[in-house]
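Asker: Sequence:
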Amino acid sequence: MSDDNLSEVLIDRLKSLAAKPNDNIAGLRSVAARLHSRTASQDKQVKEKTLEYICHKKSGILALLISLLEVVKDQATACSLAGILHECVAPKSGKSRSSAISQLVSMNASQSVVKLIMQQQTKYVVLSDTFMLELMWLLAQLAQRGPCCIQTVKSGLLILLLRIFERWDRYEGRIHLKICSYIIMTLQHLCSTKIGRKSVCTHNGLTLLHKFSTHCPEDKSYDSVLARVCYIINICLDRKQLPVQSTSSPAIFTLPTLKEVYRYNEIDITGKHASSSHEASPGSDEDSCEDSLQEEAEEDDDSDDSDGNDDKDNECYKEEYKNKICNLPLPAQRDVEDLLGYSHYLREFGKLEEKYGRSILLKSSTSCDTSLPSNGKNQFIQKNCKENCHENILNGTVFNQVFPCKTPSFADHCQPLKKVLECSKSLSDDNISLSKNHSDIQNTAKSVSSVLSTLDTGKNGVTMESTATRSNIDNHMMVKGLGVISDIPKDSGFPRVYAKIASRVNSILPFIKIAYPDMMGSDSSKELEPLNIKDRRVCRAKLLACVERGFSEFEGSNKVVYELDTLITELPPQRQNSSTNRLLVNSDELHLGQKDGTKSHLCFESRFESGNLRKVIQISPKEYDLILMPDVNSSHHHQWFYFEVSNMESNFPYVFNIVNCEKQNSQFNYGMKPIMYSVRESVLGRPGWVRVGTDICYYRNWYQNITSRKPRSYLTTAFTIAFPHSYDVCYIAYHYPYTYSQLLAQIWKWSVSVDSTSIYFRAESICSSLNNNETPLITVTAAESETNSVAMREIIFLTARVHPGESNSSWVMQGTLEKLLSNSPAAVSLRSKYVFKIIPMLNMEGVINGCHRCGLTNEDLNRRWSHPNKYLHPVIYHTKGLLEYCVFVLKKPPYVFCDYHGHSRRKNVFLYGCSNSDSWSDIDRSVPDNPADYLLLPHLMQHFSPAFSLQLCSFRVERERESTARVTLWREFGIKRSYTMESSYCGCDQGLYEGYHVNTICLKEIGEHFCDALACLHNESCWRKDVTTCSPGPLRLDLQGTLTGPGPEVIESERSDCSECEEEHC
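With positions in the sequence shown counted from 1, the corresponding number in the working numbering is that position plus 22.
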């Protein structure tokens, strides 16, 4: 008998014995044991085939197993049957798990399990510990579904579970820990419902759980159980809300309220109604319930305690959209006449209109470019593009006036806006409402046409154009030049340049100063700093102290020492919006050594660029609770912090508790430290950010997150700092800050230092943001020569900082730019072969205002690439428009596109790419691709960068990532090498930097190494022949970067949450 048929034979035998299960106990026991061994087999193929056969919806085998489990009397047989069910619903069972759980829920299997557990309480039936353990585990998996939770509570099982838990120590050996763990896991799921929480409180469950927490064994193996117990206590306690006036941000920006603004946002990429950025997608942090004391390996998206509803949704999701990629909404195609407005940004390639003529250019641009690779849906897009563009041109319906006869006045811009405003109605949105008074209409018009300012030309080496020569794309004129740095003298010092730029930046809330580290352009310490070694006993003590504070009335001082909401309202009305009309300075050096005699506490401040701190409460002489600001127009996304501390005493341990974090886990639990900058140390000649802190923990607290879709409490980031100097001025941050003003100051610095005879460097603004801040676009290549024409060079397109809290991506980008502008052989080679188009900060509004995830619209801009709106997402809209021009007009799809991100839950540096063979769509998988196209660059990075991890790279194309930059540009424009590069906030666990934090030097080095890897891509014809003809195996490189050895395989790595996901995720 073949091994493939053995499972079917065993199941047929099981069905025949099921008619009279107790007549042939030995036979049934043997069949069940053999079938169990196959479902738990180490042979992956055997296991998958057996589980697939058992879990098939029409087989009815799961129902058979449940019925046998209820009637069989032999304990060994019952254990084998329960073991089979265990394997069917285990998180690592693969595709079979979702189908198995759905079937078991539909047949009400949880009630059968409940009956078996209840039999344990009778004196007539005694279940073995092993069988009891399997039942508890099975119930914990089924209890993840809402209907099962309610049924289980109503059946009285919750009371029984509390009774068993109360006597958990009567079980022998390690079995009692597992049973205890599964009971708590089940209780956690039951308490996700209101009836479950009420039942726990009614039946004295809180007292029982509190008693366990205070007497929990010190053994490390109990840490995860203790974390779950504390979580249940926190969500069942009376809902204690954050001590703030409102969970919404005090930073409010009035958005354009036009119907046309929302026309493209009515549906998102999944075809559902557009949602706020907080609504998590599958696989995001919001769908996991990791506990702070669990091991790092439990961070994966398929963790045991992930929300069970996701399995059902994902199953329906896959069934509904299987083989239907063409049902994805096609992207809004830009008219070719419209796209020609972007020609100015690629003028180094020559004026195409003068060379070919406008009519010929339009005709050739509307035809499908068959040379472009067809990545899945791209074949549908090209047909749609051809038909739509041709029809629009013939009918004269051009949406965007690109070449106006004169420079439009403010009135010209407002005319179409006023017509829309007259017929628009009030929109029922919590954050966005249509204002009916004349002043608000003018403000809206100003925000939509905020690019009317004129600039001087030709200053400081930055190429700019006068107003008369600018192109206008609809109401958002694409401003050329960077006016904010146009009049800064060439011989100015960096602090003066930074101060002048920062004073011109438009913010939502007013700034009162410049942060000293930013003004000085400070990097990190040059020394490698080791990762923190977590003291689990300290974390356990903090967790228990938090529970005690939730149980009893807190007797601390609860003195508010800083409150941003109050400080805003105390300002004069004319200063409550922006501080750009006054010169910002920094006087920290004057305050060194000065004690504020009127205050016995630390002094705090966050009203500077990228600052984030909302409220501080002193709870003891040396301990403070800190509350962070949510993103603008939002009540979510609390992670980034950056604030100033002063009036301290040296060598005293100060405890800081940031109490409104939302991420379900953090690298603070795995070695990461916050950073600090001391002004005194800088004055003494030791400037730089350093990693600081002891007793660092990340755990759940008792404050209820009332804005969450599920009953959840916030989490606390706790750390202790002993300041080295008394009455110093220090800055504390989540990661090394990199502000918008710092970027502009760096651009100014490069513009006055670059050798224009050998380097073509141009900086200009591609558009203005919603709050009228310029978006820098940088062009770098070699100067034109007779032997090396710019028009023959490929384009490499790089972007960064779409998520404002990912400041590490800006440091990586700075390393890339410094390398490209250097005289190294790699840089000279790159400039001679490529034209680099770089937008180093896609979300400058979020960066300026200290946001973590979003900008001013409370949307994740990395979920808007498929359908960006020109009013709400101008930077994404015009960046994509520039790429469209490259592809469909210039006929030069970028050779490489890479979007730089930061990762909050992984170490090292890695890339995400796109592979047809690893896509969610069958149509994608039917289109062959060459793995060398997308695998070579990661292998080159592995060769050059010691911080890079090839094992963490992934090339999956997931449906929930369809609207990200990486997938959108791969699919719509056929860019084979479309990547997201992720850099850890924390450090490395492999290679040269293993066990150490990343610093700014390391991050800039990563950007430099990325350039080194790009420099090896230009000789594509040589390596492609070698790679495609060799046998499968790992790709190797010699020291000169030449490919040797066998070709690459697609890397199958587990995709964790990242900044592309919800990274909440990249």
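Where hints are given, some of them may not hold.
What the hints assert, rightly or not - Computed list of lysine-lysine pairs in DSS-like fashion (alpha-carbon distance at most 25 Å, straight line):
| hint | residue 1 | residue 2 |
| --- | --- | --- |
| 1 | Lys37 | Lys71 |
| 2 | Lys117 | Lys80 |
| 3 | Lys617 | Lys644 |
| 4 | Lys137 | Lys42 |
| 5 | Lys176 | Lys137 |
| 6 | Lys42 | Lys114 |
| 7 | Lys200 | Lys233 |
| 8 | Lys114 | Lys200 |
| 9 | Lys200 | Lys262 |
To be verified - Pair ranges (Cβ atoms, derived):
| hint | residue 1 | residue 2 | range |
| --- | --- | --- | --- |
| 10 | Lys914 | His78 | 23 to 31 Å |
| 11 | Arg369 | Ser748 | 40 to 48 Å |
| 12 | Met129 | Val582 | 29 to 37 Å |
| 13 | Lys914 | Pro950 | 20 to 28 Å |
No lab work stands behind these hints, which were simulated from the structure alone.
Idealized CB from N, CA, C, for every residue including glycine.
Asker: Within 25 Å, alpha carbon to alpha carbon, are Lys37 and Lys71?
Answerer: Distance ~19 Å between Lys37 and Lys71 Cα, so the pair holds.
Asker: Going straight from one Cα to the other, do Lys137 and Lys42 come out at no more than 25 Å?
Answerer: Holds, at roughly 21 Å.
Asker: Between Met129 and Val582, is the Cβ distance one that fits in 29 to 37 Å?
Answerer: violated, 55 Å
Asker: Given the hinted pair Lys200 and Lys262, is their Cα-Cα distance within 25 Å?
Answerer: At roughly 32 Å apart (the allowed maximum being 25 Å), Lys262 and Lys200 break the hint.
Asker: Do the alpha carbons of Lys176 and Lys137 lie within 25 Å of each other, as the hint requires?
Answerer: OK: Lys176 and Lys137 at ~13 Å, within 25 Å.
Asker: Starting from Lys117, check that the Cα of Lys80 is at most 25 Å away, please.
Answerer: Status holds; Cα separation ~16 Å.
Asker: Keeping to a limit of 25 Å between CA atoms, is the pair of Lys617 and Lys644 held or broken?
Answerer: holds, 16 Å
Asker: Measure nothing beyond the straight line between the CA atoms of Lys42 and Lys114; if it is 25 Å or shorter, mark the hint as holding.
Answerer: violated, 33 Å
Asker: With 40 to 48 Å as the target window, see if Arg369 and Ser748 comply at their CB atoms.
Answerer: Distance hint for Arg369, Ser748 is violated at roughly 58 Å.
Asker: Falls inside 23 to 31 Å, the C-beta gap from Lys914 to His78?
Answerer: For His78 against Lys914, whose Cβ atoms are near 50 Å apart, the range 23 to 31 Å is violated.
Asker: For the pair supplied as a hint, Lys114 and Lys200, confirm whether the alpha-carbon distance does not exceed 25 Å.
Answerer: OK: Lys114 and Lys200 at ~19 Å, within 25 Å.
Asker: Do the Cβ positions of Lys914 and Pro950 conform to the proposed distance bound of 20 to 28 Å?
Answerer: Between Lys914 and Pro950, where Cβ atoms are some 24 Å apart, the hint holds.
Hint compliance for this structure: hints 6, 9, 10, 11, 12 are not met, and every other hint is.
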